Amino acid sequence: MTETTASVTAARPPSDITKRSLPASLVIHALLIAASLLMLYPLLWMVSASVRPENEIFSSTSLIPSSIDLSSYVRGWTGLDVSFGRFFWNSLVISVLVVTGNVIACSLTAYAFARLRFAGRNFWFAIMLGTLMIPYHVTLIPQYVLFLDLGWVNTILPLVVPKFLASDAFFIFLMVQFFRGIPRELDEAAMMDGCSAWRIYWKIMLPLSLPVLATAAIFSFIWTWDDFFGPLIYLNDMNTYTIQLGLRTFVDSTSASDWGGLFAMSTLTLVPVFFFFLFFQRLLIEGIATTGMKR
Amino acid sequence: MSNAMRTPAGAISVERYQGAVAEGRFRRLWNANAPGYLFLLPWLVGFFGLTLGPALISLYLSFTDYDMLQSPRWVGMANYVRIATADPKFSAAMDVTLTYVVFSVPFKLTFALLVAMALNRGLRGLTVYRAIFYLPSLLGGSVAIAVLWRQLFASDGLVNAALSQFGIEGPSWISHPNYSIYTLVALSVWQFGSPMIIFLAGLRQIPQDMYEAASLDGASKFRQFYKITLPLLTPVIFFNAVVQTIEAFKAFTPAFIISGGTGGPINSTLFYTLYLYQEAFGNFRMGYASALAWILVVIIAIFTAFSFLTSRYWVHYDD
Numbered sequence: 001m002t003e004t005t006a007s008v009t010a011a012r013p014p015s016d017i018t019k020r021s022l023p024a025s026l027v028i029h030a031l032l033i034a035a036s037l038l039m040l041y042p043l044l045w046m047v048s049a050s051v052r053p054e055n056e057i058f059s060s061t062s063l064i065p066s067s068i069d070l071s072s073y074v075r076g077w078t079g080l081d082v083s084f085g086r087f088f089w090n091s092l093v094i095s096v097l098v099v100t101g102n103v104i105a106c107s108l109t110a111y112a113f114a115r116l117r118f119a120g121r122n123f124w125f126a127i128m129l130g131t132l133m134i135p136y137h138v139t140l141i142p143q144y145v146l147f148l149d150l151g152w153v154n155t156i157l158p159l160v161v162p163k164f165l166a167s168d169a170f171f172i173f174l175m176v177q178f179f180r181g182i183p184r185e186l187d188e189a190a191m192m193d194g195c196s197a198w199r200i201y202w203k204i205m206l207p208l209s210l211p212v213l214a215t216a217a218i219f220s221f222i223w224t225w226d227d228f229f230g231p232l233i234y235l236n237d238m239n240t241y242t243i244q245l246g247l248r249t250f251v252d253s254t255s256a257s258d259w260g261g262l263f264a265m266s267t268l269t270l271v272p273v274f275f276f277f278l279f280f281q282r283l284l285i286e287g288i289a290t291t292g293m294k295r
Numbered sequence: 001m002s003n004a005m006r007t008p009a010g011a012i013s014v015e016r017y018q019g020a021v022a023e024g025r026f027r028r029l030w031n032a033n034a035p036g037y038l039f040l041l042p043w044l045v046g047f048f049g050l051t052l053g054p055a056l057i058s059l060y061l062s063f064t065d066y067d068m069l070q071s072p073r074w075v076g077m078a079n080y081v082r083i084a085t086a087d088p089k090f091s092a093a094m095d096v097t098l099t100y101v102v103f104s105v106p107f108k109l110t111f112a113l114l115v116a117m118a119l120n121r122g123l124r125g126l127t128v129y130r131a132i133f134y135l136p137s138l139l140g141g142s143v144a145i146a147v148l149w150r151q152l153f154a155s156d157g158l159v160n161a162a163l164s165q166f167g168i169e170g171p172s173w174i175s176h177p178n179y180s181i182y183t184l185v186a187l188s189v190w191q192f193g194s195p196m197i198i199f200l201a202g203l204r205q206i207p208q209d210m211y212e213a214a215s216l217d218g219a220s221k222f223r224q225f226y227k228i229t230l231p232l233l234t235p236v237i238f239f240n241a242v243v244q245t246i247e248a249f250k251a252f253t254p255a256f257i258i259s260g261g262t263g264g265p266i267n268s269t270l271f272y273t274l275y276l277y278q279e280a281f282g283n284f285r286m287g288y289a290s291a292l293a294w295i296l297v298v299i300i301a302i303f304t305a306f307s308f309l310t311s312r313y314w315v316h317y318d319d
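Chain order of the listed sequences is A and B.
The first sequence begins at 1 in the UniProt record's numbering and counts up by one.
The second sequence begins at 1 in the UniProt record's numbering and counts up by one.
Fair warning: there could be bad hints in the mix.
[What the hints assert, rightly or not] Derived contacts from chain B toward chain A, CB cut-off under 8 Å, selection only: (1) Phe47; (2) Ser142; (3) Ile206; (4) Pro207; (5) Met210; (6) Ala305; (7) Leu309.
[Said to hold, decoys possible] Covered by chain B, according to a simulated footprint, are these stretches of chain A (three or more residues, beta-carbon under 8 Å): (8) 23 to 30; (9) 151 to 157; (10) 268 to 277; (11) 280 to 287.
Just so you know, these hints were derived from the structure itself, not from any lab.
None of the values given here were measured: they were computed from a predicted structure.
Every residue gets a Cβ at the ideal spot worked out from N, C-alpha and C, and that includes glycine.
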């Protein structure tokens, strides 16, 4: 290091050391913008393919269609024996029920683990954490046989009922972490005043926990909306199909013939997820950052 | 009770007294524990009915032949022996899955770390970049993205159209057994957003004054990365690596959609879970599929245990 640069470095206030010179930060921005475009390109291309005239889809890699043609959406929507409206409705019903089940059942369980004292609590909590590690493949086949025997195959029950039994240990864990951060004085005071555990849960914990409940609800909605494996196993009648099964059927039945319709319907299935992302970005990203949710 | 009738009024019989004590103890136990267990009730029902019970049954089924039409027939170790010695599809699936894990996880984590470091400089527009890089992670598991990927890497797909601009004639990536698995690796790497966000959170925990001190001592950027960032980030790297590897072992949807459920061409995208699905719900070999499931559990458990055991040599926690 030469004399001058050393003195300049020393003269800088410490917080400035991490700041880049203008050219360096321009280079980083340029790289990040290029990377962003690369990341988004496939998605943008799909959206643009969905509004192109059919003959133009594969002729260019450009993102801007020469003219907007929405006929792909019409063809795609009605391209199967059952319309995509039906699939959307089924997905919506399942997703809303799953969100409800997860929020209610997981918050009840988490409240017990985080705030109530009872014999065996630590034992059950350890078991609950253990279930986080078990891959679903282990329980898959007996569960399928069980639901088949109950006559639940081809209904939404196998996809929804387990959620009301707090089967998503991950959300329990998330809520336990959050509940533990709420000051104990609150429920101790309420208990002194003779509040029951139920009232404390309902009147104090839930209202204070809206951020974590919302995070759980949003992830739960998106994952259920995107779920392919569950519906693939339990739903065999096209009238009960979710959007993901509908899309897959559309791929198989029209294969190479109707790319426009395929991309149009693909785009539509992504729209709800995209809007959730847009509105709840902060919650989603904080959820990932603090808990390490995967996917 | 006859005993009670003989005692004078106002006196309490021994039985009654003991009964009252027992009842009191019971009431106290009940009062202390009932709320907890009532809140836990849905979870307990789910745990026994949907997790523990099925897991035990699945273990039992793995020693049987079971096609769902007739009751399970005990075959001892036969399923496991066949998996280990006489099932070429099992070894193909293992091969494909390990290839996927070995290629997708390191690339994904490297990209995630590089981008996180680029973003962790107090740049303008951080939230926009972060959102853009995270978006594919959120959409990636859906059928629509798998469909899109199938088109991207088709012989007349976008990737080849882009290559042809440089005069390169690309192969049909998804229908060539040598390349098909790497299109799925690419799809997984494209979704580096969620580990990236975890890295970003981890980078923020590193005290800035460490870099300031190091740079006053004249340490180069590379040396700072190697001596400060990397060691302090090892807990997060470890976490991301374990989570992503387990996820990679369990991957299913993209392989299913891209290969049309076959795991082809020539089993080159036959992910372990896809093979399990085919055996269970295509061939109704429920016993055999249960054995496959348990082997997957054991593999994941061994991998996780191994990671935790080796972690003491390279993961640094501040104490």
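Each hint, compared with the structure:
1. A least Cβ separation of about 7 Å between Phe47/B and chain A falls short of the 8 Å threshold, and the interface hint therefore holds.
2. With its C-beta approaching chain A no nearer than about 4 Å, Ser142/B sits inside the 8 Å limit, and its interface hint holds.
3. Nearest Cβ of chain A to the Cβ of Ile206/B: about 11 Å, over the 8 Å cut. The hint is violated.
4. At about 12 Å, the closest approach between the beta carbon of Pro207/B and any beta carbon in chain A exceeds 8 Å, and the interface hint on this residue is violated.
5. Residue-level restraint check for Met210/B is violated (minimum Cβ-Cβ distance to chain A is 11 Å; threshold 8 Å).
6. With 8 Å as the threshold, the beta carbon of Ala305/B stays out of range of chain A, its nearest partner Cβ sitting at about 11 Å, so the hint is violated.
7. With a cut of 8 Å, the hint placing Leu309/B at the interface with chain A is violated, because the nearest CB-to-CB distance is about 16 Å.
8. Counting residues of the stretch 23 to 30 of chain A whose CB lies closer than 8 Å to any CB of chain B gives 3, which reaches the minimum of 3, so the coverage claim holds.
9. Figure legend: the stretch 151 to 157 of chain A, annotated as covered by chain B; annotation inconsistent (0 residues with Cβ-Cβ distances under 8 Å, at least 3 required).
10. As drawn, the stretch 268 to 277 of chain A meets chain B at 5 residues by the rule of a beta-carbon pair under 8 Å; at three or more, the given contact holds.
11. With a threshold of 8 Å between beta carbons, the proposed coverage of the stretch 280 to 287 of chain A by chain B holds, since 3 of its residues qualify and at least three are required.
The structure fails to meet hints 3, 4, 5, 6, 7 and 9 from the earlier list, while all remaining hints are met.
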